[in-house]
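Using the sequences and the hints, build the whole thing.
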Amino acid sequence: MIRYSKLTQSRAMVFAAVVWTTCFTVGAARSEDVFTDAFGIVPIGSVSSDRLLRSVTQRVSDGSNEASVHIFVGPKSLEAGGDNGLATAVVLDAQGSLVPDGTEVTFFLDGQEIGTIQTRYGIATVPLAPGSVAVGFSVGAVAAGGQSQRATYRVTPDVGSLSVGLLPQLKSVSHETLAPFTSGPILDQYGNVVDDGTAASIVLFHDVNHFSYLPTRTVRGSADVSFLVRDVPSFAQVVTNVGSQLSTVRAFNAVPIIFDADLPVRLSVQADLRAMLLEIGPFLTSSGHQLTDGSKVSATISDSAGNSRTFSGWVQDGVFSRSVAFDPRLAPFTLVVEAQKTKFEYFGLEADDYSGGSDN
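Per this note's numbering, residue 3 is the first one in the sequence shown, and the count goes up by one each step.
Calculated directly from the structure, the hints in this document are not laboratory data. Heads up, a few of these hints could be off.
Said to hold, decoys possible - Ranges between beta-carbon positions, derived for each pair:
(1) S228 - V137: 29 to 37 angstroms
(2) F213 - W316: 14 to 22 angstroms
(3) V137 - T250: 24 to 32 angstroms
(4) A201 - S99: 43 to 51 angstroms
Even for Gly, the Cβ is constructed at its ideal location relative to N, Cα and C.
Written out as structure tokens, the structure is:
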């Protein structure tokens, strides 16, 4: 019983404090002009100029005759030069019923009045022409002493008319460094820059039926990507693609890889296979890089009896290796290696012999 009495007394004190605080604050709140929007009710002095319609001030009053105005815009995204959108205001009286037909509703676009429409069944609608400039807008409405919250929409570029700017004329591209490929400005027919984040791609065409597809996203109105062209032949073409639009094809030259002067070669006996293991590499460039994995290498080996075989394969970890069904006793061997259009020749090779070759 004692605990219950203390708890009841404590709750009564809290309730009294709340009532006292409320009584001394309500009058102050009603004496100041305020704005109301989707964020709540705040004093006029605390609101930035672009939060509500600057031309309309809403005051809190004791009257119950102010209407409640609700505004809707659709679609939320219009296309430059495309179809109109609609701004629709639904107006309710203080009891929540639709206002009578003929109630005037004034619409505002970015603070500027764009028309006054009379309601029908409590609804008023005004068309929104997208115009030709890609930009964002805010719409509001006022009716019967009530003001709507702000509704926003935006006009996007006319993606059906995008034109992809020509790629700048490319100079020679090094196989040893990342080459930047950048499109020109991507604009619609009205000069609007394509939105950031629009999917785009840059495609490199090289050799016959070979291409490199480089996906990217537009940033500040252009597509941009960096690419290491180490496996691209000396001549290639590049094009930018956004949606169904293509830029003009541009050609560029890739500076061929220059190998280090010495390319190690080793022949080892594989007695169980009655063959020899040929190891070539590591392939090092003049810049100290290993040749990219998957780079094609071809080789021709000949023995002292005049037999020869040609084979090809790919580099892995900078080295090319292959088992060769040659009798090690038919030494010396001659070897010709070709990679990245560079040829290496070796003479007088023997099994388990390690030597460096000369490139031409």
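Hints, one by one, checked against the model:
Evaluation of the 29 to 37 angstroms hint for S228 and V137 yields a pass: the beta carbon distance comes to about 32 angstroms. For the pair F213 and W316, the supplied restraint of 14 to 22 angstroms holds, since their beta-carbon distance comes to about 19 angstroms. About 30 angstroms separates the C-beta atoms of V137 and T250, a value consistent with the hinted range of 24 to 32 angstroms. The hinted window of 43 to 51 angstroms between A201 and S99 holds, with their beta carbons roughly 49 angstroms apart.
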